[in-house]
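Make a model of the complete structure from these sequences and hints.
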Amino acid sequence: MGTFEELVAEGAAVPLEGWDFSWFAGRATEERPPWGYASQIAARLADVSAALDLQTGGGEVTASAPVLPPLMAATESWPPNALVASRRLPLVVRTPDAGPLPFRGSSFDLVISRHPVVTPWGEIARVLRPGGTYFSQQIGAGTNRELTDFMMGPQPVGSARSVEVARAEAEAAGMEVLRLEPVALRVEFFDVGAVVHFLRKVLWTVPGFSVEGYRERLLDMHAHIQEHGRFACTSTRFLVEARRP
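Residues in the sequence shown are numbered from 329 upward in steps of one, following this note's numbering.
If you're looking for bench data, these hints aren't it; they were derived computationally from the structure.
Keep in mind that the hints are not guaranteed to be accurate.
[Stated by the list, open to error] Beta-carbon label-pair distances, calculated as ranges: (1) Gln554 / Gly481: 16 to 24 Å; (2) Ser377 / Glu474: 24 to 32 Å; (3) Val395 / Ala341: 33 to 41 Å; (4) Gly481 / Arg432: 30 to 38 Å; (5) Arg545 / Glu516: 16 to 24 Å; (6) Gly502 / Pro424: 19 to 27 Å; (7) Pro430 / Leu344: 47 to 55 Å; (8) Gly502 / Ser377: 18 to 26 Å; (9) Pro430 / Pro343: 24 to 32 Å; (10) Gln554 / Leu506: 46 to 54 Å; (11) Asp548 / Gly502: 43 to 51 Å; (12) Arg415 / Ser377: 21 to 29 Å; (13) Arg432 / Glu555: 52 to 60 Å; (14) Pro394 / Leu547: 43 to 51 Å.
All C-beta atoms, glycine included, are put in the ideal place defined by N, C-alpha and C.
What follows is the structure in structure tokens.
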């Protein structure tokens with residue numbers, strides 16, 4: 329275990345490109361959802377002729393599938409991530425997260441998305457073929473709120489990422505919700521450097537985070553971890569599957 333300054337400097341120096349969390353090995357843990365998203369995606373991709381991965385990040389999850397369909401497209405809005413994803417996937421298009429999507433209507437049997445920033449339900453319904461499905465693991469309301477509150481003070485929990493809103497927006501777009509399953513998962517950070525890297529990478533946890541702006545709270549976090557051995561919080565996820573009739 330390094331000093332506070334060493335740990336913070338290390339966390340601040342880790343590149344942010346891609347959506348690979350392997351750097352956290354031994355420094356932070358997150359309980360995994362019970363449904364096995366990557367394995368379910370792999371099975372579904374092997375069974376369709378055309379699929380679209382929205383907000384793919386670095387393309388890690390989709391590229392891990394043993395078999396990709398003949399038409400495999402992906403979108404990503406952040407240029408560094410789009411570059412990483414383009415090395416893994418056959419077709420990556422830079423486009424805003426909220427759409428519009430640069431594809432013809434009824435183009436895909438399957439649309440997937442892991443941890444989307446926003447879900448453009450109307451565009452998803454448009455590009456899906458009749459009978460096609462949207463399958464997504466999403467970040468739920470109040471995820472890691474203990475970490476947010478520690479750094480910023482008590483914050484209200486909005487409903488924008490609730491399962492109720494997801495169902496309402498899907499149905500408003502004409503989609504039939506087949507599955508909507510929430511889960512709460514334990515997260516633990518074992519050094520302040522891991523906290524720094526996480527807050528740099530997962531921007532919505534503490535909007536506007538910087539080491540300089542939150543130095544005093546990081547010092548308190550370092551002291552907390554030294555005393556307790558970890559900082560624990562709860563992430564929320566939900567699985568949603570919806571079909572275009």
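Quick rundown of the hints versus the structure:
Our hint of 16 to 24 Å for Gln554 and Gly481 holds, since their Cβ atoms are close to 22 Å apart. Ser377 and Glu474 have their C-beta atoms about 44 Å apart, which leaves the hinted 24 to 32 Å range violated. The beta-carbon spacing between Val395 and Ala341, approximately 37 Å, falls within the hinted interval of 33 to 41 Å. Between Gly481 and Arg432 the Cβ separation comes to about 48 Å, which falls outside the hinted range of 30 to 38 Å.
Between Arg545 and Glu516 the Cβ separation comes to about 18 Å, which falls inside the hinted range of 16 to 24 Å. The hinted range of 19 to 27 Å is satisfied by Gly502 and Pro424, whose Cβ atoms lie roughly 22 Å apart. Separated by about 25 Å at the C-beta atoms, Pro430 and Leu344 break the suggested range of 47 to 55 Å. Between Gly502 and Ser377 the Cβ separation comes to about 23 Å, which falls inside the hinted range of 18 to 26 Å.
Distance hint for Pro430 and Pro343: a CB-CB separation of about 28 Å, consistent with the stated range 24 to 32 Å. The hint said 46 to 54 Å for the Cβ distance between Gln554 and Leu506, and at roughly 47 Å that hint holds. Separation of Asp548 from Gly502 is about 49 Å and conforms to the stated range, judged on CB atoms against 43 to 51 Å. Taking 21 to 29 Å as the suggested C-beta distance range, the pair Arg415 and Ser377 conforms, at roughly 24 Å.
Here the CB-CB span from Arg432 to Glu555 is close to 58 Å, well matched to the stated 52 to 60 Å. Look at Pro394 against Leu547: about 46 Å separates their beta carbons, and that is inside 43 to 51 Å.
Violated hints, listed in ascending order, are 2, 4, 7; each of the other numbered hints is respected by the structure.
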